[in-house]
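A.B. asks: One letter stands for each residue in the lines below.
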Amino acid sequence: EVQLLESGGGLVQPGGSLRLSCAASGFTFSSYAMNWVRQAPGKGLEWVSGISTTGAMIHYADSVKGRFTISRDNSKSTLYLQMNSLRADDTAIYYCAKKRLQYNWNGEFDDWGQGTLVTVSS
Amino acid sequence: DIQMTQSPSSVSASVGDRVTITCRASQDISNWLGWYQQKPGRAPKLLIYAASSLQSGVPSRFSGSGSGTEFTLTISSLQPEDFATYFCQQATSFPHTFGGGTKVEIK
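So the sequence lines, in the order shown, correspond to chains A and B. Our numbering numbers the first residue of the first sequence as 1 and each following residue consecutively. Our numbering numbers the first residue of the second sequence as 1001 and each following residue consecutively.
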């Protein structure tokens, strides 16, 4: 059974930093591109960032480019999101999500974690 | 960036009703389109991939159609557990944009 378990969320002041982790199990982590998606309170889904199987290819939403850094450690089956210069509008539940297709940059997200809440407030 | 326009934003329906949700892409995405269901306090769940393929374990009352720029999600006979919010997503170009969502409410 695929499991994705996010951690690292919490309350942080504007301008602060947080590092989110997503521990994966139940599948060959190194074979799938991974992504972060967020959802502000009462709002829709916003794709945040994606990383290829080896980490060689990375994309970011314009809203986080230059502030957030996605990475992965295939030896630990873990995905990360380093978030710097946090703003109030970064407040959201952050989900990690697995691509449906192996070794493919395209494709939908067939498994999601339960999410971790990030609150940016003074 | 590819914009995904979803309609309606909400729909009121009764158990047994047929419900149709539409998603329009601002440019051709072939069939790289997924539909997700989200219930309050829960993560999204993939229902349909490749525009029309049913994800494993999803009831057959859910179906998807379309290609290019126009897509449809249909629930053939609404069940109590189907009251939720539904999102479309294009999965071919970064950013992998989502539609704004359709909330299916009890009439």
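Be a bit skeptical, because a hint or two may be false.
Some chain B residues close to chain A (C-beta under 10 Å, calculated; not the full set) [to be verified]: (1) Lys1045; (2) Leu1054; (3) Ser1060; (4) Ser1067; (5) Gly1068; (6) Gln1079; (7) Phe1083; (8) Phe1094; (9) Phe1098.
It should be emphasised that the hints constitute simulated quantities derived from the structure, not laboratory data. Just so it is clear, the structure is predicted and the values come from calculations on it, not from any experiment. Each residue gets a CB set at the ideal place from its N, CA and C atoms; glycine is no exception.
A.B. asks: Checking hints one by one. Is Lys1045/B an interface residue toward chain A, by the C-beta closer than 10 Å rule?
C.D. replies: 8 Å, holds
A.B. asks: Tell me if the interface restraint on Phe1083/B is satisfied: Cβ within less than 10 Å of some Cβ in chain A.
C.D. replies: 17 Å, violated
A.B. asks: Under 10 Å is the threshold here; is the Cβ of Ser1067/B close enough to any Cβ of chain A for the hint to stand?
C.D. replies: 15 Å, violated
A.B. asks: Measuring from the C-beta of Gln1079/B to each C-beta in chain A, is the shortest one below 10 Å?
C.D. replies: 22 Å, violated
A.B. asks: Would you check whether Phe1098/B satisfies its interface hint, that is, whether its CB is within less than 10 Å of any CB in chain A?
C.D. replies: 4 Å, holds
A.B. asks: May I ask you to test the interface hint for Gly1068/B with respect to chain A, counting a Cβ-Cβ separation under 10 Å as satisfied?
C.D. replies: It is violated, given that the least Cβ distance between Gly1068/B and chain A is near 16 Å, above 10 Å.
A.B. asks: How about Leu1054/B: closest beta carbon in chain A under 10 Å, or not?
C.D. replies: 12 Å, violated
A.B. asks: Take the shortest C-beta to C-beta distance between Phe1094/B and chain A; is it under 10 Å?
C.D. replies: 4 Å, holds
A.B. asks: If you take the shortest Cβ to Cβ gap from Ser1060/B to chain A, is it below 10 Å?
C.D. replies: 18 Å, violated
In this structure, the earlier hints numbered 2, 3, 4, 5, 6, 7 are contradicted, and the remaining ones agree with it.
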